[in-house]
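K.L.:
Below are the chains, spelled out letter by letter.
Protein chains: 2
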Amino acid sequence: MYGDAVARLVGELKALPGVGQRTAERLAFHLVQAPPERARALARALQDVSESVRPCRVCFNVTDQDPCRLCSDPGRDAGLLCVVERPQDVLALERVGGFRGRYHVLLGAVSLLDGVAAEDLTIAPLVARVKQGGVREVLLATNPTFDGDATALHLQAALAPLGVRLTRLARGLPIGGSLELASKAILTEALERRQAFPAAQE
Amino acid sequence: MYGDAVARLVGELKALPGVGQRTAERLAFHLVQAPPERARALARALQDVSESVRPCRVCFNVTDQDPCRLCSDPGRDAGLLCVVERPQDVLALERVGGFRGRYHVLLGAVSLLDGVAAEDLTIAPLVARVKQGGVREVLLATNPTFDGDATALHLQAALAPLGVRLTRLARGLPIGGSLELASKAILTEALERRQAFPAAQE
Numbered sequence: 100m101y102g103d104a105v106a107r108l109v110g111e112l113k114a115l116p117g118v119g120q121r122t123a124e125r126l127a128f129h130l131v132q133a134p135p136e137r138a139r140a141l142a143r144a145l146q147d148v149s150e151s152v153r154p155c156r157v158c159f160n161v162t163d164q165d166p167c168r169l170c171s172d173p174g175r176d177a178g179l180l181c182v183v184e185r186p187q188d189v190l191a192l193e194r195v196g197g198f199r200g201r202y203h204v205l206l207g208a209v210s211l212l213d214g215v216a217a218e219d220l221t222i223a224p225l226v227a228r229v230k231q232g233g234v235r236e237v238l239l240a241t242n243p244t245f246d247g248d249a250t251a252l253h254l255q256a257a258l259a260p261l262g263v264r265l266t267r268l269a270r271g272l273p274i275g276g277s278l279e280l281a282s283k284a285i286l287t288e289a290l291e292r293r294q295a296f297p298a299a300q301e
Numbered sequence: 100m101y102g103d104a105v106a107r108l109v110g111e112l113k114a115l116p117g118v119g120q121r122t123a124e125r126l127a128f129h130l131v132q133a134p135p136e137r138a139r140a141l142a143r144a145l146q147d148v149s150e151s152v153r154p155c156r157v158c159f160n161v162t163d164q165d166p167c168r169l170c171s172d173p174g175r176d177a178g179l180l181c182v183v184e185r186p187q188d189v190l191a192l193e194r195v196g197g198f199r200g201r202y203h204v205l206l207g208a209v210s211l212l213d214g215v216a217a218e219d220l221t222i223a224p225l226v227a228r229v230k231q232g233g234v235r236e237v238l239l240a241t242n243p244t245f246d247g248d249a250t251a252l253h254l255q256a257a258l259a260p261l262g263v264r265l266t267r268l269a270r271g272l273p274i275g276g277s278l279e280l281a282s283k284a285i286l287t288e289a290l291e292r293r294q295a296f297p298a299a300q301e
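So the sequences go chain by chain: A and B.
The first sequence runs 100 to 301 under the numbering used here.
The second sequence runs 100 to 301 under the numbering used here.
It should be emphasised that the hints constitute simulated quantities derived from the structure, not laboratory data.
Just so it is clear, the structure is predicted and the values come from calculations on it, not from any experiment.
Where a beta carbon is used, it is the ideal one built from N, C-alpha and C, also for glycine.
Where hints are given, some of them may not hold.
Stretch by stretch, here's where chain B covers chain A in the computed footprint (C-beta under 8 Å, at least three residues) [unchecked claim]:
#1 103-113
#2 140-151
#3 217-229
#4 252-261
Full structure from sequences and hints, please.
P.N.:
If you want it as C-alpha cells, here you go:
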C-alpha cells in the first residue's frame, strides 16, 4: 500500500528482537518522514558494523580490532578471567568499573529449551587459554538463572582438572531490594548463604 | 569500549522514537552477532527508502511513486476526501478496508505544546484540491485528541466557505469497551451525542 521500499524496511525492522509489526511501522514511518540523512546515517552505521565488527579471537567479545581493546590492554590482569555469556554482559560489568581482569565470552549459555549444548559455546578455547598458563582465577559470571547455573556447572567440570581457582558472583538479596518483594528463590538462597556479620576477612 | 562502529550504531538507533540506551544496545548487539547479511539487508532497505520514498504531490502520503497508488487508483471515489494527520493513519484506515474515497495527509496537527501552527500543515494544498472541484465531502479524520480537534476546527474554518460537506469520524464509546473503564471524557461525549435507538435512517 505504501510501496515496496517501505514494506521491505518494515519487514527488516520486524526481524529485530522485541520489534513487532506496530513498532516496525512506527519506526519506518519515522525514518521515512525524517530528513533522508537520518535513514542514510543509520544505513551507513549498519554497513560499517557488518564490515568491521568480528568476535575477538582471544575472548570472543565483539570488537572492531583483533585482539580486542580489553585483551590488548597491558594494564589489565591476565591472571583473572571473568567468564560471561554475552558481549552485553562485558558491557554491563565495564560500566560498573572496578573489575581489572580480562574476559571470556561464551556466546550463549547451555539451554535444553533453546537446544544449546556446551559444545556450542566457546568452552574449548577457554580451556585452551587456561592451559596456556598464567591464569590464577576464573570468575564464573554467568547469569543467576537455570541456564546460567547449568553453564557454570559445565565450566566447573571443564576447568576444575586444571587446578585453577574458580569463583562466581555473589548471590543473595539485591541491594536496594526488599524482603517483601524478593521471590522465594532469592530468599531461600539468601538464607542458605547467610554470611557472618560483621563480615569475616577472607 | 566495544569499538567505534558499534558505538555509532548504538547512537543512530537511540535517535529512533521510543528507543533508549538499553534497547539501542540490545538491538546493536543482536545485529552484531547475527550473520552480517542481516545488518546489510537492513542497511539496504534504509538506503532504498531514503532514495525512493517521497510525499505524494497530491495527498502528501508517503509513497515511492508520485502521485501515489491511492491517488492514481481510478476505482477510488475522488469526490470523498478523508483528511488525516499522518501517513500511519492512512495505513490504519486502509487496514480496516471499507473506505473507498481518497486521502489528504496533513503531516501533523496544530499543537500549542509542540509549536505546530496551521500554516505548518498541508491545509493550503487541501483547500486548492477542493477548489479545483469534484469534491463533495471532506471527512475530517483527525485524532480524537485536543490537538486533533483543534486541527479539525482550523479545517472547518478553511473549508466551510467552499460549500463542501464536512463530516467527521463518529465519537462515543469504543465497541468492545466497558462503561466501567471508560474515562469521564468518553462518557460525557457518549451522553451528549446519544443516538436514537434503533438508529434513524440518515
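K.L.:
Can you tell me if the segment 140-151 of chain A counts as covered by chain B, using C-beta to C-beta distances under 8 Å and a minimum of three residues?
P.N.:
Held - the segment 140-151 of chain A has 12 residues with a Cβ nearer than 8 Å to chain B, which meets the minimum of three.
K.L.:
Do three or more residues of the segment 217-229 of chain A come closer than 8 Å to chain B, measuring C-beta to C-beta?
P.N.:
Contact hint for the segment 217-229 of chain A vs chain B: violated, 0 residues under 8 Å.
K.L.:
Within the segment 252-261 of chain A, is the number of residues with a Cβ closer than 8 Å to a Cβ of chain B three or more?
P.N.:
violated (count 0)
K.L.:
Mind taking a look at whether chain B covers the segment 103-113 of chain A? Criterion is 3 or more residues with CB to CB distance under 8 Å.
P.N.:
holds (count 8)
Hint violations for this structure: numbers 3, 4, all remaining hints satisfied.
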